[in-house]
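Trainee: Sequence:
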Amino acid sequence: NDVAPERIYVELSKILLCDRLGDLIRKYKEVVCEVIPELKPMIGFEQNNPFHMYDVFDHTMEVLNNTHKQHNLRFAALFHDTGKPESYSVDENGIGHFYGHPKVSTDKFTAFAERMRIDKKSTSNIQKLIFFHDVTLGKKTKSMNKFIQLFGEEYIDLLFDLKLADIMGQHSDKLSRVTEINKLREMYINYLNSSPVLKIKDLDIDGRDLKKMNFDGKIIGIILKDVLDMVSSEELNNNRDEIEAYITNKYR
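Numbering (the numbering used here), first residue to last: 48 to 299.
Source of the hints: derived by calculation from the structure; they are not laboratory data. Careful, some of the hints might be misleading.
When the alpha-carbon atoms are kept at most 30 Å apart in a straight line, the in silico DSBU-like pairs for lysine-lysine are as follows [said to hold, decoys possible]:
no., residue 1, residue 2
1, Lys-186, Lys-221
2, Lys-150, Lys-187
3, Lys-74, Lys-175
4, Lys-297, Lys-259
5, Lys-258, Lys-272
Have a look at the derived ranges for each label pair, beta carbon to beta carbon [as the list claims (entries may be wrong)]:
no., residue 1, residue 2, range
6, Glu-289, Ile-269, 14 to 20 Å
7, Gly-91, Ile-62, 20 to 26 Å
8, Met-260, Ala-158, 48 to 54 Å
9, Asp-66, Gly-264, 53 to 59 Å
10, His-144, Tyr-298, 46 to 52 Å
11, Tyr-298, Asp-249, 18 to 24 Å
12, Ile-247, Ile-62, 40 to 46 Å
Glycine included, each C-beta is placed from N, C-alpha and C at the ideal position.
Let's have the full structure, built from the sequences with the hints guiding it.
Mentor: Spelled out as structure tokens, the structure:
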């Protein structure tokens, strides 16, 4: 109790970069749960789902074993299913489900981050990884653009790392799902490399152009956000002439 939370977090961060982390935590789970009590309800919690061959805790340990040594990824993997015990339900066929567990898991990590006084940037990045780890990613340009705008492009590769590790910690029959995730990763990375329009600065028009069109003040920001939404949804091409025509038609 006399050890500062920041010191505990620093030491945890070092431990989380160990080889075969899941095996290490399994070996010392009683000690780890004293520091991270959010893990304890997962121990022995059966999932009763055909996609899973492990209980929630052992699944999480396998996910950790399949992640590379990256700070935010390891913390996200550790907490990604902490909300499952509270989210458990059984359908009429006796199959277990965990609807809404990413949100509950994110809340649990948030409480831990506040307790450990983790910096805001790391907290935000890990929260996103946990919250979106189970999301179904679209394959169309519009869907990819919308998700990347929501999630952010900086850590999209880590999200795929987490998704892949999550699958690796599930049922042994997982080859097709691994292949699908790898194909999706390639699609998203190729899309990001194609210089997509994700932010206002990517538009073929800016505030100076709008001032030349005799717009001024707050309306400039409103128009640029509107244009970004239209281009992102593929309802408008990122072409200066077409954008100016759209603005003139709508705002004059």
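Trainee: Indicate, hint by hint, whether the structure satisfies it.
Mentor: Evaluation of the provided hints:
no. : hint                          : in the structure
1   : Lys-186 / Lys-221             : 20 Å, holds
2   : Lys-150 / Lys-187             : 25 Å, holds
3   : Lys-74 / Lys-175              : 29 Å, holds
4   : Lys-297 / Lys-259             : 17 Å, holds
5   : Lys-258 / Lys-272             : 15 Å, holds
6   : Glu-289 / Ile-269: 14 to 20 Å : 19 Å, holds
7   : Gly-91 / Ile-62: 20 to 26 Å   : 23 Å, holds
8   : Met-260 / Ala-158: 48 to 54 Å : 49 Å, holds
9   : Asp-66 / Gly-264: 53 to 59 Å  : 57 Å, holds
10  : His-144 / Tyr-298: 46 to 52 Å : 48 Å, holds
11  : Tyr-298 / Asp-249: 18 to 24 Å : 21 Å, holds
12  : Ile-247 / Ile-62: 40 to 46 Å  : 42 Å, holds
In the structure shown, no violation is registered for any of the earlier numbered hints.
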